[in-house]
Structure formats: structure tokens, C-alpha cells
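Colleague: As a plain string of letters, each chain reads:
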Amino acid sequence: MAVVYEKTKLLTDKPLHYCPGCTHGIIHRLVAEAIDELGVQERTIGIAPVGCAVFAYDYFNCDMMEAAHGRAPAVATGCKRVNPNNIVFTYQGDGDLASIGAAEITHAATRGENITVIFVNNAIYGMTGGQMAPTTLPGQVTTTSPYGRDPALCGYPIRVSEMLATLDGSAYIARVSVHDVKHIMDAKKCIRKAFETQIAGKGFSLVEVLSSCPTNWGMTPKEALKWLEANMIPQYPLGVKKEVE
Amino acid sequence: MAKLTIARETCKGCGLCADVCPRQLLALSKEINSRGYHPIDITDQDKCIGCAFCARMCPDAVITVEK
Amino acid sequence: MGQKMLMKGNEAIAEAAIQAGCRFFFGYPITPQNQIPEYMSKRLPKIEGGCFLQAESEVAAINMVYGAAGAGGRVMTSSSSPGISLKQEGISYIVGAELPCVIVNMVRGGPGLGSIQPAQSDYYQSTRGGGHGDYRMLVLAPSSVQEAVELTQLAFDLADQYRNPVLIMGDGLIGQMMEPVDMPEPKQNTNLPPKTWAATGWKPGCGRERAVINSLYIDPAVLEKHVNHLYEKYAVMEREECRWQEEMTEDADYVIVAYGTTARIARSAMRKLRDEGIRAGLIRPITLWPFPAAPIAAAAKHAKAFLTVEMSMGQMVDDVRLAVEGAAPVHFFGRTGGIVPTVREIITQVETLAKEGK
Numbered sequence: 001m002a003v004v005y006e007k008t009k010l011l012t013d014k015p016l017h018y019c020p021g022c023t024h025g026i027i028h029r030l031v032a033e034a035i036d037e038l039g040v041q042e043r044t045i046g047i048a049p050v051g052c053a054v055f056a057y058d059y060f061n062c063d064m065m066e067a068a069h070g071r072a073p074a075v076a077t078g079c080k081r082v083n084p085n086n087i088v089f090t091y092q093g094d095g096d097l098a099s100i101g102a103a104e105i106t107h108a109a110t111r112g113e114n115i116t117v118i119f120v121n122n123a124i125y126g127m128t129g130g131q132m133a134p135t136t137l138p139g140q141v142t143t144t145s146p147y148g149r150d151p152a153l154c155g156y157p158i159r160v161s162e163m164l165a166t167l168d169g170s171a172y173i174a175r176v177s178v179h180d181v182k183h184i185m186d187a188k189k190c191i192r193k194a195f196e197t198q199i200a201g202k203g204f205s206l207v208e209v210l211s212s213c214p215t216n217w218g219m220t221p222k223e224a225l226k227w228l229e230a231n232m233i234p235q236y237p238l239g240v241k242k243e244v245e
Numbered sequence: 001m002a003k004l005t006i007a008r009e010t011c012k013g014c015g016l017c018a019d020v021c022p023r024q025l026l027a028l029s030k031e032i033n034s035r036g037y038h039p040i041d042i043t044d045q046d047k048c049i050g051c052a053f054c055a056r057m058c059p060d061a062v063i064t065v066e067k
Numbered sequence: 001m002g003q004k005m006l007m008k009g010n011e012a013i014a015e016a017a018i019q020a021g022c023r024f025f026f027g028y029p030i031t032p033q034n035q036i037p038e039y040m041s042k043r044l045p046k047i048e049g050g051c052f053l054q055a056e057s058e059v060a061a062i063n064m065v066y067g068a069a070g071a072g073g074r075v076m077t078s079s080s081s082p083g084i085s086l087k088q089e090g091i092s093y094i095v096g097a098e099l100p101c102v103i104v105n106m107v108r109g110g111p112g113l114g115s116i117q118p119a120q121s122d123y124y125q126s127t128r129g130g131g132h133g134d135y136r137m138l139v140l141a142p143s144s145v146q147e148a149v150e151l152t153q154l155a156f157d158l159a160d161q162y163r164n165p166v167l168i169m170g171d172g173l174i175g176q177m178m179e180p181v182d183m184p185e186p187k188q189n190t191n192l193p194p195k196t197w198a199a200t201g202w203k204p205g206c207g208r209e210r211a212v213i214n215s216l217y218i219d220p221a222v223l224e225k226h227v228n229h230l231y232e233k234y235a236v237m238e239r240e241e242c243r244w245q246e247e248m249t250e251d252a253d254y255v256i257v258a259y260g261t262t263a264r265i266a267r268s269a270m271r272k273l274r275d276e277g278i279r280a281g282l283i284r285p286i287t288l289w290p291f292p293a294a295p296i297a298a299a300a301k302h303a304k305a306f307l308t309v310e311m312s313m314g315q316m317v318d319d320v321r322l323a324v325e326g327a328a329p330v331h332f333f334g335r336t337g338g339i340v341p342t343v344r345e346i347i348t349q350v351e352t353l354a355k356e357g358k
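Protein chains in written order, with the working numbering: chain B, 1 to 245; chain Z, 1 to 67; chain A, 1 to 358.
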């Protein structure tokens, strides 16, 4: 018998700390598989965020750095400028990237920093216990928007991919989802494409991955994926937002 | 004929694999692993077609598929 | 180079850094240190492998430093007081992750936006950590452009040796004034430990452990062990790296303690006091941390009193009092807000002490 599917060697043996059914694990695997398939393990440096993925340095089987909250694109910039031949990626959540790190991600993109960003958007702060995120949907209940997010009080969710696609420095921007197998396969292609963009030296690449948070959304893993599909995708349309040839 | 191997100790019993199995061959075990979860079991190995949907859906990379 | 040149303090520091092998600079404009990034932006792109980048903020700049240091680069950033406040988060992470880098603070008046004139009111921030957590930085305080050059070059080696950031604490005057400088030839310290810990790319069997540049230790017992390890390094720094200059302290009745620009003014005052027959001496800390407590304690055995002079409301004076341990009275004179004390003011302070027999 031949192996059809097995865990990639680009993930360490450390069991993931994520809650049952959290799709962070799927996204980790897709990123690891892309690095493995492209044969760039020994050139790759990953930058972990602050948030649920804070321990990502324990899981990706390559050199890693742990950044301060929101600063992963700046850390990646310093790292890439020292060794331009390295393949440098950040892995960031929505609070990290779109709130506290909004300046760092915007300027990394507009500089055309030749790095790859994996942006996990689950519309909530997971690690701290389910507070409102910059990507929380209007009306969505969180622990700091207990009556539902009121745009009149706290504004609207940010569409990061569309925003960064307007910048001349960005080379590849796509939004994908991991709520079913078909979309997981699509997500994999886009993540691979993002790394290929960097390897080709084309500039800044980012894949926004819509992800679930069963624990803080208060749903079963299955319900969470259905909620993602029904509520998040209309707010955050999937697709390749920008691709520079 | 395909073979599914499940790393029962790292499975968190989220059940996402069971939802995507086209043959409905996966179910949570009655047993509990050392971390307190009911791991997933394959109910009828002989009927598995090796599509690996389960493995692709698994957030914890606990499933190996051979064919 | 190796020749005498007339240089502005800021530019001399930048050139000294390049001569010391600094190839990466990340910064953000703020007065009075702008000549450092400007100089770097001219020079670094012309050097193979060199990179100057103007960051979007001081916060981004210090985190670029983190990334560059983590990748094994010789890296520097510079700023002035409000900008250094913004960098504190990153500095704390750099210490936690044990990364080497050099940070320059050309101190200006505060608090808040304060002024753009020289000050020394960031002494607490510099010597007590500044950011969160248990940590120390080596703090070097030059009092001339020549010394700024020498300390800048030393700073890179110390940073690599201890895997800890080194702060060069100047002030607007040190940064802006022009003085003749003897720029040393580039020299390589070959005794420094190799950066086997840097994240430069890894695969199984490549001969080292997978690099993880990190300051997170979620298990309290492990974090305590890590902090103890940092403090073991600090104990070595205290033993090995304390630097100061003494003038005429052997027989001094009145010992002036001052650093940086203020020490130059205090030196003139001390000499004039000697001319008047008052036995004054000067202790000038060159490292603000570790603080040169030993020479101060030694002088306290015979001195009638100490006078600490600072461009602040009195910050280093706390360390002088700790060093003196009550053996003699410790007085303070300072100007703040960007005002530089005069020679006359310092003389008057000491004359008054002598007259009152204090």
C-alpha cells in the first residue's frame, strides 16, 4: 500500500494546543505542506504572532521567531533584510494583524516587502477569551460586545485583503476559507502560490484564511464551520484579490 | 482497499473528519485517551475508499491514509 | 579612515557604527538625532549587504531590529526620548530573547513632547529597564564626540558578547556639536562567540538545534530560571564592564558626580574651584549601568560632601546616595527642560557648601 496522506515532516511532533475543532490546525498543516512541497525548509524562517498562534514556533519544523503583538511584519522585515535568500513568513491572527499591528502590515505591504503573510481571520480574539476583534461582524456577540457589535458605537469590520490589494507594493493577495475539503484544497493552492511569489522575488504576498473559533463562538466545531460559511463569507468574499505577473 | 491509521493520543474528538467522510465510516470512540478526549474510530475499515477527505479536514493531523 | 576629522556627534556615531561592522539600521525621524539615520541612509546602501530602512514608527523600527538581530545581523537603531519610550516594548522583548543590538538615545527634555533641547531626564528609564520585566541594559554615556565614537564601537562587541542590547545615552549637545574625531580603523574582535543561535535556516542534521528566537516562557519555573540566567549575565557585567573617570578625587573635600555633557561643565567648575583653593574633585560615570559605586564609596571615606549635577530634576543622585550609603551628605543641583547648567552655577553650589561647612 502506498501512503495517500500523512502528516508532513514540516510539522513537529508537538501536539497542537488549539481547542478541539479549531481550524488553526488545518492552516498550520497547509502552510507546512507548502514549505515542504516547495523544498525550502532550510531557507525558511517563520514569525509567530501573539494570540492563539503564539506557540506556532513549537509546531513549524523550521527556524522560528516569536514577535511582539502585531509586530510580526516588522520582525520579518528585519530578518529578510539581513538574509534576503531566506523565505520568511508571518502567521498572524486578526487582532494581531488588523488591530494592534495595522501599521506594520500596511507598511510591509506598501514597501513590497518580499515576505509571505498567513492571516487567520476568525472574527474574534480567541486567546484572551472571545473579545471583539477588528474583523468581528456587525451584530456579532463577543465578551466585549455583549449586545452585538454596534457599528454606530465601534465601527465596521476591516476587509484586510481588499485594503492591502490597493497598495502598489502588494504582489499577491487572496482570501480563502477552510470550512470544507474543497475550500481547504483551494486554500492550499493559494498558500503555495503566496510562497512561490516570494521565491520568485515578486514582493509582498498575503493569504487571508477565514477560520472558525468554536469555543468563543459558543458552537460545536460543525456548527462553527456552517456559521463561517453562512456569515463570514458574505462579509469577506473569497477569491484572489491581486496577482502581479 | 484503503487503510486508515489514527493517532488516537493526539485526536481531540472534534468530529470534523466524520462530517466529511463520504461513506460515514468515522465515529467517536467510547474510550477516552490520556488527554480526556474520545478519539475518532473507523467503524468499517474495509469500506474505506482512501479519499483522504478526513485527513485533509483534521485540524490535528492525526490521520494517515494508505491505499 | 584612521584620520582626524571634524564631525558632528550624530554623524560620528553613525560612521563609528559602520566601522564596527554595523550593516543594518532601522529608524524613524526625531530631533535631535536625525543626522544618524540620514548618515546611515547615505552610507549603508553603498556597502555590500548593508541596509538602511526608514520604518513607519519607532515601534516598527525596534521590531525590525529584533528580526535583524535574530537573523544574526549587526544592527542599530537610534532615537530621542519620546521615540525611545515607544521602543521600550521591543527592547524588553530583545532582552528576553537575548539578542544583541545597539540603541542610541540622544536625550531631549520631557515629559511628553517636552522640548528638543538636551536633557538627561531619561536616566531612570535607561538604567532601570524602561520596559516591562526584570532586566538591565548596558548604558554608555559619552561626554565628547571622540568618546561617542569609541563607546559606539565598544557597544557592538559588548552586545554580541553578552547577547544583550547596549544603550548609548547621549544628549542633544553630544549629538549636535562638532569636534575633531580620530576615527579608528575597522577592527574585528575575533574572540566573540559565534551566533549559532541565530535563525538563518535549518534542516534536520544540519549540525545545530532548530533556532527559536523567543521571550515567552509560559511555565513560571522555567521563566524564573531564564531570568536568573539573565541576572547571572548582569552580575558579570557589573564585575567586568563598569567604567568611570576620576579627576582630583584623592584629596577632594567636595566630589562632583556628573556624566555626559554635564561632566564637561562640571570639570571646568572643578578646576576653577581648585584655583580658588577649594579642594573639589570629579567622578564621571561612563557606564550608567553598571553604576560605578566603588569609586564613589571610596571617595566618601574622606569627602565632606558630594554634589550630583544633572540635566534633570535628580535621577542619578539616587544611585550616588546608594553608593555613599550615608557616609557623607549628597547634594543635588540640576537644570531641566532643555536648560544646560553653567560653570558659574556649579561653582556657586560648591562655594555655598564650603562656606556653610557642609
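No lab work stands behind these hints: they were computed from the structure.
Warning: the hint list may mix true and false statements.
[To be verified] Straight-line alpha carbon distances no greater than 25 Å define the calculated SDA-like cross-link-like pairs of lysine to any residue that follow:
hint	chain 1	residue 1	chain 2	residue 2
1	B	Lys14	Z	Lys47
2	B	Lys9	Z	Arg23
3	B	Lys14	Z	Gln24
4	B	Lys182	Z	Gln45
5	B	Lys189	Z	Gln45
6	B	Lys189	Z	Glu9
7	Z	Lys47	B	Lys193
8	B	Lys7	Z	Ala2
9	B	Lys9	Z	Lys47
10	A	Lys203	B	Asp58
11	B	Lys182	Z	Arg35
12	B	Lys226	Z	Ser34
13	B	Lys14	Z	Asp46
14	B	Lys182	Z	Glu31
15	B	Lys9	A	Ile30
16	B	Lys189	A	Trp197
17	B	Lys222	Z	His38
18	B	Lys7	Z	Asp46
19	B	Lys189	Z	Ser34
20	B	Lys9	Z	Asp44
21	B	Lys222	Z	Met1
22	B	Lys7	A	Lys46
23	A	Lys203	B	Lys182
24	B	Lys9	Z	Ala7
25	B	Lys9	A	Lys46
26	B	Lys14	A	Pro204
27	B	Lys193	A	Glu209
28	B	Lys189	Z	Asp46
29	A	Lys195	B	Tyr5
30	B	Lys182	A	Trp197
31	B	Lys14	A	Lys46
32	A	Lys233	A	Glu247
33	B	Lys202	Z	Leu25
34	B	Lys222	Z	Ile6
35	A	Lys46	B	Met185
36	B	Lys202	A	Leu322
37	B	Lys222	Z	Thr5
[Claimed, not checked] One side of the interface only, derived from the structure: several residues of chain B facing chain A at Cβ under 10 Å:
hint	residue
38	Val54
39	His69
40	Ala76
Using N, Cα and C, we set each Cβ at its ideal position, and we do this for glycine too.
Colleague: All hints are to be evaluated individually against the structure, with a verdict given for each.
Modeller: Here's how the hints hold up against the structure:
no. : hint                : result
1   : B:Lys14 x Z:Lys47   : violated, 32 Å
2   : B:Lys9 x Z:Arg23    : violated, 29 Å
3   : B:Lys14 x Z:Gln24   : violated, 29 Å
4   : B:Lys182 x Z:Gln45  : holds, 24 Å
5   : B:Lys189 x Z:Gln45  : violated, 30 Å
6   : B:Lys189 x Z:Glu9   : violated, 30 Å
7   : Z:Lys47 x B:Lys193  : violated, 35 Å
8   : B:Lys7 x Z:Ala2     : holds, 17 Å
9   : B:Lys9 x Z:Lys47    : violated, 29 Å
10  : A:Lys203 x B:Asp58  : holds, 15 Å
11  : B:Lys182 x Z:Arg35  : violated, 31 Å
12  : B:Lys226 x Z:Ser34  : violated, 30 Å
13  : B:Lys14 x Z:Asp46   : violated, 31 Å
14  : B:Lys182 x Z:Glu31  : violated, 31 Å
15  : B:Lys9 x A:Ile30    : violated, 47 Å
16  : B:Lys189 x A:Trp197 : violated, 33 Å
17  : B:Lys222 x Z:His38  : holds, 16 Å
18  : B:Lys7 x Z:Asp46    : holds, 23 Å
19  : B:Lys189 x Z:Ser34  : violated, 36 Å
20  : B:Lys9 x Z:Asp44    : violated, 29 Å
21  : B:Lys222 x Z:Met1   : violated, 28 Å
22  : B:Lys7 x A:Lys46    : violated, 46 Å
23  : A:Lys203 x B:Lys182 : violated, 32 Å
24  : B:Lys9 x Z:Ala7     : holds, 15 Å
25  : B:Lys9 x A:Lys46    : violated, 41 Å
26  : B:Lys14 x A:Pro204  : holds, 16 Å
27  : B:Lys193 x A:Glu209 : violated, 29 Å
28  : B:Lys189 x Z:Asp46  : violated, 32 Å
29  : A:Lys195 x B:Tyr5   : violated, 38 Å
30  : B:Lys182 x A:Trp197 : violated, 41 Å
31  : B:Lys14 x A:Lys46   : violated, 45 Å
32  : A:Lys233 x A:Glu247 : violated, 30 Å
33  : B:Lys202 x Z:Leu25  : violated, 45 Å
34  : B:Lys222 x Z:Ile6   : holds, 20 Å
35  : A:Lys46 x B:Met185  : violated, 45 Å
36  : B:Lys202 x A:Leu322 : violated, 58 Å
37  : B:Lys222 x Z:Thr5   : holds, 23 Å
38  : Val54               : holds, 7 Å
39  : His69               : holds, 9 Å
40  : Ala76               : holds, 6 Å
The structure fails to meet hints 1, 2, 3, 5, 6, 7, 9, 11, 12, 13, 14, 15, 16, 19, 20, 21, 22, 23, 25, 27, 28, 29, 30, 31, 32, 33, 35, 36 from the earlier list, while all remaining hints are met.
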